[in-house]
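Student: Residue numbers (the working numbering), protein chains in the order written: chain A, 1 to 113; chain B, 1 to 108.
Since the hints were derived computationally from the structure, they do not count as laboratory data.
Check each hint, because a few of them may be wrong.
Derived CB-CB ranges, DEER-like [claimed, not checked]:
no., chain 1, residue 1, chain 2, residue 2, range
1, B, K3, A, E67, 28 to 36 Å
2, A, E67, B, S79, 35 to 43 Å
3, A, R95, B, E17, 30 to 38 Å
4, A, S20, B, R45, 19 to 27 Å
5, B, Y13, A, Q54, 41 to 49 Å
6, A, F51, B, Y51, 23 to 31 Å
7, A, E84, B, S100, 16 to 24 Å
8, A, E84, B, P65, 38 to 46 Å
9, B, K3, A, T7, 32 to 40 Å
10, B, I8, A, G14, 34 to 42 Å
11, A, N17, B, P76, 47 to 55 Å
List of simulated lysine to any residue pairs, SDA-like, C-alpha gap at most 25 Å [claimed, not checked]:
no., chain 1, residue 1, chain 2, residue 2
12, A, K40, B, R107
13, A, K40, B, T21
14, A, K36, A, E67
Which residues of chain A face chain B? A partial, calculated answer using Cβ under 10 Å [unchecked claim]:
no., residue
15, Q37
16, P99
17, R109
Just so you know, even glycine gets a beta-carbon here, dropped at the ideal spot from N, CA and C.
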Amino acid sequence: ETGVTQTPRHLVMGMTNKKSLKCEQHLGHNAMYWYKQSAKKPLELMFVYNFKEQTENNSVPSRFSPECPNSSHLFLHLHTLQPEDSALYLCASSRQGAPDEQYFGPGTRLTVT
Amino acid sequence: LAKTTQPISMDSYEGQEVNITCSHNNIATNDYITWYQQFPSQGPRFIIQGYKTKVTNEVASLFIPADRKSSTLSLPRVSLSDTAVYYCLVGSASKIIFGSGTRLSIRP
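Please model the complete structure; the sequences and the hints are all you need to start from.
Tutor: Right, dumping it as structure tokens:
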């Protein structure tokens, strides 16, 4: 148990659907992250939140919309995705921002059809 | 942003010491060096972090030379369960870049 949970674990959605990924951390951390990991590729940092404020947006397309209502929860809202968006989406948290040790969730395996 | 370069893959045997080297020629003064381990279909797990010289914890050691342009992760007496991808990160604040990682395979 890493203390970071993600739901759902698997998601299949059509290109016209709207869905949301949820991340929750029970570690009392103040920073949360979204990463994308495509097949056989390194992790790509998407968004960073520090004390609920977005501090990093790594040129992510607007079809991905993050939301951080409090320090324990992080959402990634998805709409009109493309097949190339199929990937493992990982959430992480750390006590403070980088370079603090990050605790990762198990990820959501997303397939866009 | 400091880019990292690691070997794509390495093989070793149970009980051996494994050293994985990472190059980061453009490391900035404020950057720390961090290593993560990732098993298939799981999120990465923190192994060790350092700024300079040597750091040791219960699972690994990290050697950083004085110029900090490279670092070496040392795993003592590996076992089959150490088969994974190992990532070297260099960064600070929100600037985090995962490299391509090193796929380590341990054989009996």
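Student: Run every hint past the structure and note whether it holds.
Tutor: We went through each hint and held it up to the structure:
no., hint, verdict
1, K3/B with E67/A: 28 to 36 Å, "31 Å, holds"
2, E67/A with S79/B: 35 to 43 Å, "42 Å, holds"
3, R95/A with E17/B: 30 to 38 Å, "31 Å, holds"
4, S20/A with R45/B: 19 to 27 Å, "26 Å, holds"
5, Y13/B with Q54/A: 41 to 49 Å, "46 Å, holds"
6, F51/A with Y51/B: 23 to 31 Å, "24 Å, holds"
7, E84/A with S100/B: 16 to 24 Å, "19 Å, holds"
8, E84/A with P65/B: 38 to 46 Å, "40 Å, holds"
9, K3/B with T7/A: 32 to 40 Å, "34 Å, holds"
10, I8/B with G14/A: 34 to 42 Å, "36 Å, holds"
11, N17/A with P76/B: 47 to 55 Å, "49 Å, holds"
12, K40/A with R107/B, "22 Å, holds"
13, K40/A with T21/B, "20 Å, holds"
14, K36/A with E67/A, "16 Å, holds"
15, Q37, "9 Å, holds"
16, P99, "4 Å, holds"
17, R109, "7 Å, holds"
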